[in-house]
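**Q** Single-letter residue listing:
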Amino acid sequence: MSGYRLGDTEVADTFAEAFPMRYARLVVTAATADWAYEAARSATGFATSVIGCKCEAAIERSLSPEQTPDGRPGIAVLLFAMDRESVGKRALDRVGQCVMTCPTTACFDGLESAEKTVGLGAGLRYFGDGFQASKVIAGRRFWRIPVMEGEFLVSDSLGVGSGVGGGNLVIGAAEDTGALAAAQAAAEAIRGEGIALPFPGGIARSGSKVGALTSSSMPASTNHQMAPTLRAQVDDTLVPEGVGAVFEIVIDGVDEEAVREAMRRGLHAAAAAGAAHVSSVNFGGKLGEFHFPLSELQDPP
Amino acid sequence: MTLTLSLRARPPARVIANALIPERLHGIDAAGIAAVNVRCGRETVAVGELFEISGTAGEELVLAGELGRVEGIGARMSGGRVVVEGPCGDHVGARMSGGEIVVRGDAGAWAGAEMSGGLVRISGDAGARAGAAYPGARAGMTGGEIVISGDAGEEAGAGMRRGLMAVGGRAGSGAGLRMLAGTVIALGGIGAEAGIGNRRGSLVSGAPIEPLPGYAFAARYRPPALRLQLRRARELGLDVGGALLRGRWARWSGDRTELGRGEILIFDDEEVL
Numbered sequence: 000m001s002g003y004r005l006g007d008t009e010v011a012d013t014f015a016e017a018f019p020m021r022y023a024r025l026v027v028t029a030a031t032a033d034w035a036y037e038a039a040r041s042a043t044g045f046a047t048s049v050i051g052c053k054c055e056a057a058i059e060r061s062l063s064p065e066q067t068p069d070g071r072p073g074i075a076v077l078l079f080a081m082d083r084e085s086v087g088k089r090a091l092d093r094v095g096q097c098v099m100t101c102p103t104t105a106c107f108d109g110l111e112s113a114e115k116t117v118g119l120g121a122g123l124r125y126f127g128d129g130f131q132a133s134k135v136i137a138g139r140r141f142w143r144i145p146v147m148e149g150e151f152l153v154s155d156s157l158g159v160g161s162g163v164g165g166g167n168l169v170i171g172a173a174e175d176t177g178a179l180a181a182a183q184a185a186a187e188a189i190r191g192e193g194i195a196l197p198f199p200g201g202i203a204r205s206g207s208k209v210g211a212l213t214s215s216s217m218p219a220s221t222n223h224q225m226a227p228t229l230r231a232q233v234d235d236t237l238v239p240e241g242v243g244a245v246f247e248i249v250i251d252g253v254d255e256e257a258v259r260e261a262m263r264r265g266l267h268a269a270a271a272a273g274a275a276h277v278s279s280v281n282f283g284g285k286l287g288e289f290h291f292p293l294s295e296l297q298d299p300p
Numbered sequence: 000m001t002l003t004l005s006l007r008a009r010p011p012a013r014v015i016a017n018a019l020i021p022e023r024l025h026g027i028d029a030a031g032i033a034a035v036n037v038r039c040g041r042e043t044v045a046v047g048e049l050f051e052i053s054g055t056a057g058e059e060l061v062l063a064g065e066l067g068r069v070e071g072i073g074a075r076m077s078g079g080r081v082v083v084e085g086p087c088g089d090h091v092g093a094r095m096s097g098g099e100i101v102v103r104g105d106a107g108a109w110a111g112a113e114m115s116g117g118l119v120r121i122s123g124d125a126g127a128r129a130g131a132a133y134p135g136a137r138a139g140m141t142g143g144e145i146v147i148s149g150d151a152g153e154e155a156g157a158g159m160r161r162g163l164m165a166v167g168g169r170a171g172s173g174a175g176l177r178m179l180a181g182t183v184i185a186l187g188g189i190g191a192e193a194g195i196g197n198r199r200g201s202l203v204s205g206a207p208i209e210p211l212p213g214y215a216f217a218a219r220y221r222p223p224a225l226r227l228q229l230r231r232a233r234e235l236g237l238d239v240g241g242a243l244l245r246g247r248w249a250r251w252s253g254d255r256t257e258l259g260r261g262e263i264l265i266f267d268d269e270e271v272l
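From first to last, the protein sequence lines are chains X and R.
Read in order, the letters of the first sequence correspond to residues 0 to 300 in numbering that gives the first Met the number 0.
Read in order, the letters of the second sequence correspond to residues 0 to 272 in numbering that gives the first Met the number 0.
Worth double-checking, as some hints may not be accurate.
Stated by the list, open to error - Derived contacts from chain R toward chain X, CB cut-off under 8 Å, selection only:
(1) L163
(2) T182
(3) R198
(4) R199
(5) Y220
(6) P223
(7) R226
(8) L227
Hints in this document: simulated from the structure, not taken from any laboratory.
Positions of the beta carbon are idealized from the N, C-alpha and C atoms, including for glycine.
Based on the provided sequences and hints, a complete structural model is requested.
**A** See the structure below:
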């Protein structure tokens, strides 16, 4: 099937290629929604790409007091890595450094039904230097770690699920402002339950390709094919005529369907917001287990 | 499927009802259940002589009548549900490891003694030593939950090692005696001499009390784990006010004559009342 048009937006005949990942959901609560947000924002910092940051993480959604284990405002955070052990290590680091340190917070497992788990409080408790205490409440173990403000409460373990990482949309427009507005609209539409957008504001301007032309040791380098300033300089440019700026939205999700529907929402929102061209990044279909053809996203969400 | 056993008349002596648990009666027909023997005082009596039998034995067993002389209801059960329509005798849910027991009335002494799992809900008062260790044993309940809507008798949670006991009214004197760990919450307050020999346990009093000299005041704060436990108690039917969930609690550490890692939390926040 060839590409198609959504209004004035040209949608390329291509597909996004994504990979299996493991993920955990952290539920961070605090005395106020603002403090919960601060902790979650800190914990999801420097977590844009698993290549450079060892994990990908983002705020999934805000939680009302009725939706959290301790009845306080909260934030759900999704953290993705390539295997279960990595999820555990990264979660331990980030909760220890960014959540436990943040005033009034507590941290809970947001994936309690998962079959596989990794330790969280089970490792963090050692910060308590022997003064920590555990409580089993409704069959779940929690650790009370004494801190200068009072106590930090954290779940003993985190459930780990099988997710999908690397769904993506590449959104272009004639000018940078128009492309960014379309990408922002897409990111806003994509966010929701089961979805993490790990890049700043959900949007990446420096999309990458695997490896590099100039070095065999570089794991990734700039996607020169999608760089508008190089269109006249390289033979294999993929920047369409009339496109002057391109942004990429990388989408990690809790399952294949979540990513597909997120891409659908993003595609239609970008088109409605004036994108000139929407495409996706893949590796020829040889690396990723999950393929999301844009041709299957033509129907609106 | 529910099996109902209705007491025909007040038994002449104490009845030991350990055999009457869903997992042991499951699949047995009415005649078979009527032939099951239980102890009644010094004698062995068939269940059919004491109870009228109706329904089919399955996951749920209902016991009805004046059961104050029937002891050990649900003892050692590991699953299913037992509903006691009225008051019952001692040892209800003792050494149980799973399932749920609902007592719609008062319960005698030793409710949930040495239980390791499951849930005991008592809508009235409970007698002495609920969740406690039997004489000679070091540890009382090692898991599970006991919820008492009324008052608990003396030495509730004595020797408790793990689990939650939540009391809507007051806990009698000596609560948490030689407690190893676990939590005893009494929304109406805890009686005198609470927490003697407490090592790592948590005693929670919703009303002001004066801790023993083995305890020292530490701080007033909002204990995050207690918030979860109070929410759990509310979920299980206790009337936990919002002030207790939102407010500050005074933490007293002790018993310093023992390990000293235990605590008594006393509600202490006039701002939210």
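**Q** Does R198(R) meet its interface restraint, that is, does its C-beta lie within less than 8 Å of any C-beta in chain X?
**A** violated, 11 Å
**Q** Can L163(R) be said to touch chain X, with a Cβ gap under 8 Å?
**A** holds, 7 Å
**Q** With 8 Å as the cut and Cβ atoms as the points, is R199(R) at the interface with chain X?
**A** holds, 7 Å
**Q** Do the numbers back the hint for P223(R), that is, is its least Cβ distance to chain X under 8 Å?
**A** Holds: closest Cβ of chain X sits about 4 Å from P223(R), inside 8 Å.
**Q** Hold the hint about Y220(R) up to the distance rule: shortest CB distance to chain X must be less than 8 Å.
**A** holds, 4 Å
**Q** Can we keep the L227(R) interface hint, with Cβ of chain X closer than 8 Å?
**A** Constraint on L227(R) satisfied, holds at 5 Å.
**Q** Identify whether the interface hint at R226(R) stands, where standing means a beta carbon of chain X within less than 8 Å of its own.
**A** Because about 5 Å separates R226(R) from the closest Cβ in chain X, which is inside the 8 Å limit, the hint holds.
**Q** So, T182(R) near chain X? Judge it on the closest CB pair being under 8 Å.
**A** It holds, given that the least Cβ distance between T182(R) and chain X is near 7 Å, below 8 Å.
Consistency with the previously given hints fails for number 3 only.
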